[in-house]
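S.K.: Here is how the chains run, residue by residue.
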Amino acid sequence: MGFDLARFQGTVDEELICSICSGVLEHPVQAPSCEHAFCSACINEWLSRQPTCPVDRTPITSSELQPVPRILKNLLARLTISCDNAHCGCTELMKLEVLSSHVDFCEHNPKRPVLCELGCGLVIPKDDLKEHNCVKELRAYVTTQEKKLSEFHDELIEQQITLSEVRRELSFVKEFLRAMRSSHPAMRAIAEQFEKDEVKRWANTLTKARVSRWGAMISTPDDVLQSLIKRSLSESGCPVHIMEELMRNCHERKWPAGLASLQTRQRQRREYDNYVCRRIPGKQAVLALACDNPHMAEDLMTEPGLVMIFALGIE
Amino acid sequence: MANIAAQRIKREFKEVIKSEEVAKCAIKVELVSDSYTELKGEIAGPPDTPYEGGNFVLEIKVPETYPFNPPKVRFLTKIWHPNISSVTGAICLDILKDQWAAAMTLRTVLLSLQALLSAAEPDDPQDAVVAKQYKDAPDMFRLTARHWTAAYAGGPYSNPEFDSKIRRLADMGIESHDARVALSSFNWDLERATEQLFS
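Protein chains in written order, with the UniProt record's numbering: chain C, 1 to 315; chain X, 1 to 199.
The following block holds chain C by itself, in its conformation from the complex (with noise of 0.2 Å):
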C-alpha cells in the first residue's frame, strides 16, 4: 500500500499515484503492454481476485508485472514527505529514497528494539518499556521453556521406547543369522566376511594413534578402569561380536608371548613403533586390531586385537 498523500511536500504528480490505493507508488510496478503503474503489494492483491489490469482491464497475471522504468523510480526517490514515526514526535523531512534507512535508525521509532535497564536483560520495543515488568516477562520466558522441556522430555521417551523396540528386531535378526550360519558353511563364510567387513568399516572411523611413552602402559588395568574403556569402545560404534574379546585382550594375562611379560616386553620394545594404534575416542588407550596389524610378528599380535591402556603418551 502506498504512502499517505498528506506526508508529502508540495503537490505530487497525478502519474506517481497508485489508482488502486490512491497513495504515492511504493515498490512500483507495471503491467507490460498498457504500461500501467500500481504499489506491488496492491496490484498483487487485485490479481489474486481477477487477472486484468484494474484501469484498462487488459488481461495480466502477477508474473508478468515489470519493475517500471528508471525515470519513474528517480521522480519518487525525489518526493520530499515526512518520517513514518512524525506521530511520535519525529519531525524530520527527507527525500523518499533515504526514507527506509532514516526509519531503521529514527530514535522516534516506537518499535526501536532497546535493552531493559532494570536487569531482566531482555530487549524490547521501545513503546512496550512503559508496560514492561522483568518478572513478569521472565516468568512467561520460564513457562515458554518448561513446556519445550516437557515436549523434549516426552519425545524422548517416545524415542527411547523406539530405540529399544529397534534394538529387540536387531537381536532377532542377529539370532537368526545365527542360526543360518550354524547349519550352513556357505553361510559361515558370508558371515565371517560380513563380520570382518564391519569391524572395518568402524575401524576406520577411529582416528589413528601415537604412542610416545610405551613405558607407560597400563598392564593390569583394573575393573574400574576396565569398564570405562569399555563404554567408550561401544559409544565409538564397536561391533559388538568382538567386543567382549577385545576387552579381555586388555590384560597381560591375555597378550600374546611377545607382550605377556615384563621381561620380553622390554626385549621387543623396538618393534612396538611398528603397530597400527587406533585411539579409543577420549581415552588414554589405543586398539592395535589384527587387521590393521598383518605385518607384526605372530607373537605380538591376536585376534581379534589388542587394547592397551596408557597412563599418558597418547597422541
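It is worth saying that the hints were derived from the structure and are not from the lab. The C-beta atom is built at its ideal place from N, Cα and C for all residues, glycine as well. Check before you lean on any hint, since a few could be wrong.
To be verified - From the derived model, a few chain C residues whose C-beta atoms are all more than 10 Å from chain X:
#1 E35
#2 E92
#3 D104
#4 P113
#5 K130
#6 E169
#7 R213
#8 K230
Claimed, not checked - DMTMM-like mimics (lysine to aspartate or glutamate), calculated; alpha carbons at most 25 Å apart, straight line:
#9 X/K28 / X/D48
#10 C/K196 / C/E245
#11 X/K10 / C/D84
#12 X/K18 / X/D34
#13 X/K18 / C/D56
#14 X/K18 / C/E14
#15 X/K24 / C/E14
#16 X/K61 / X/E42
#17 X/K14 / C/E15
#18 C/K174 / C/D197
#19 X/K28 / C/E14
#20 X/K18 / C/D13
#21 X/K18 / C/E15
#22 X/K61 / C/E45
#23 X/K14 / C/E26
#24 X/K61 / C/D4
#25 X/K10 / C/D4
#26 X/K132 / X/D94
#27 X/K14 / C/D56
#28 X/K14 / C/D84
#29 X/K135 / X/E52
#30 C/K283 / C/E315
#31 X/K10 / X/E42
Said to hold, decoys possible - Take a look, some chain C residues computed to stay more than 10 Å from chain X by CB distance:
#32 V29
#33 C90
#34 K147
#35 R267
Place chain X on chain C using the hints.
M.R.: What follows is chain X alone, placed relative to chain C:
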C-alpha cells in the same frame, strides 16, 4: 475499516467534491457515517431522458475490502427503469458486479449510473415488468418513467391523466404508491389495475 479502504474513500470523496460534474450539479456525495463506510450519493437525471429534472438519491456501502471489491449501491429514490428494481432499488450493472476494477472510483460509479439512466439494457433486466414495457410499449414506458421522476425525484413534468387515475384508486382506499405501481404495471389501464389490486 481497513486502512486502504478508508484512505481511498477519503481521497475519492474530495475528488468528487472538486470535480466539474459537481459544479454542474450532475453528481453529489455526502457522508452518512464518520467511518466512511456509508455514503449517500445523488445523481441528476440526464437531459433528453424521462429522468430529466429529477434528483436520484443512492445508498453507497463501502465494503471492508474496497477497492478490491465494488461498493454496494442501490437507489433510495423510487425509479421506473428496466435495470433498477422498482421495489428495492437494486441495480443491475456489470461494473458493480463482476466487471468491477480496482481503479474505478465513486465518481466513475456515479457517472456510470447516470449513463445507465440514458441507455437502459432491457435484455439484462433487474425489473422484468419494466423491461417488458420498455420493449413492447416504449412510449408508455417513457411517460411512466417521467411520471415516476415527477412523483419521487422532484421532476417537473406531471401527467394530469395519470394523477387522476391514481386519485380514483386512492379514493377507494389504496395507498397512492401501490396504486401507481399497479397502474404502471398495466400500462395505466385502470380496470386491470383495479382488478389486480382487489383480487
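S.K.: Check whether the Cα positions of X/K14 and C/D84 lie no farther apart than 25 Å.
M.R.: The given pair, whose Cα atoms are some 24 Å apart, holds under the 25 Å limit.
S.K.: Take a quick look at whether X/K10 and X/E42 sit within 25 Å of each other, Cα to Cα.
M.R.: Between X/K10 and X/E42 the Cα gap is close to 18 Å, so the pair holds against 25 Å.
S.K.: Examine each Cβ of chain X, and state whether all of them lie more than 10 Å from the Cβ of C/C90.
M.R.: holds (20 Å)
S.K.: Run the distance test for X/K18 versus C/D56: straight-line Cα separation, threshold 25 Å.
M.R.: It holds: about 24 Å lies between the C-alpha atoms, which stays within 25 Å.
S.K.: Confirm or reject the statement that C/D104 sits farther than 10 Å, beta carbon to beta carbon, from all of chain X.
M.R.: The claim holds: C/D104 sits with its nearest Cβ about 22 Å from chain X, beyond 10 Å.
S.K.: Taking the shortest Cβ-to-Cβ distance between C/E169 and chain X, state whether it exceeds 10 Å.
M.R.: Fine: 58 Å to the nearest Cβ keeps C/E169 off the interface.
S.K.: Are C/K174 and C/D197 close enough, with their CA atoms no more than 25 Å apart?
M.R.: holds (16 Å)
S.K.: X/K14 and C/E26: Cα distance at most 25 Å?
M.R.: holds (22 Å)
S.K.: Can you confirm whether the C-alpha distance between C/K196 and C/E245 stays at or below 25 Å?
M.R.: holds (14 Å)
S.K.: Between X/K61 and C/E45, is the straight-line Cα distance small enough, at 25 Å or below?
M.R.: Holds - the C-alpha atoms of C/E45 and X/K61 are around 21 Å apart, at most 25 Å.
S.K.: Taking 25 Å as the top limit, are the C-alpha atoms of X/K14 and C/D56 close enough?
M.R.: Given pair X/K14, C/D56 holds - Cα atoms ~23 Å apart, limit 25 Å.
S.K.: Decide if the proposed pair is consistent with the structure: X/K28 and C/E14, CA atoms, cutoff 25 Å inclusive.
M.R.: Roughly 23 Å separates the two Cα atoms, so the pair holds.
Of the hints listed earlier, there is not a single one the structure fails to meet.
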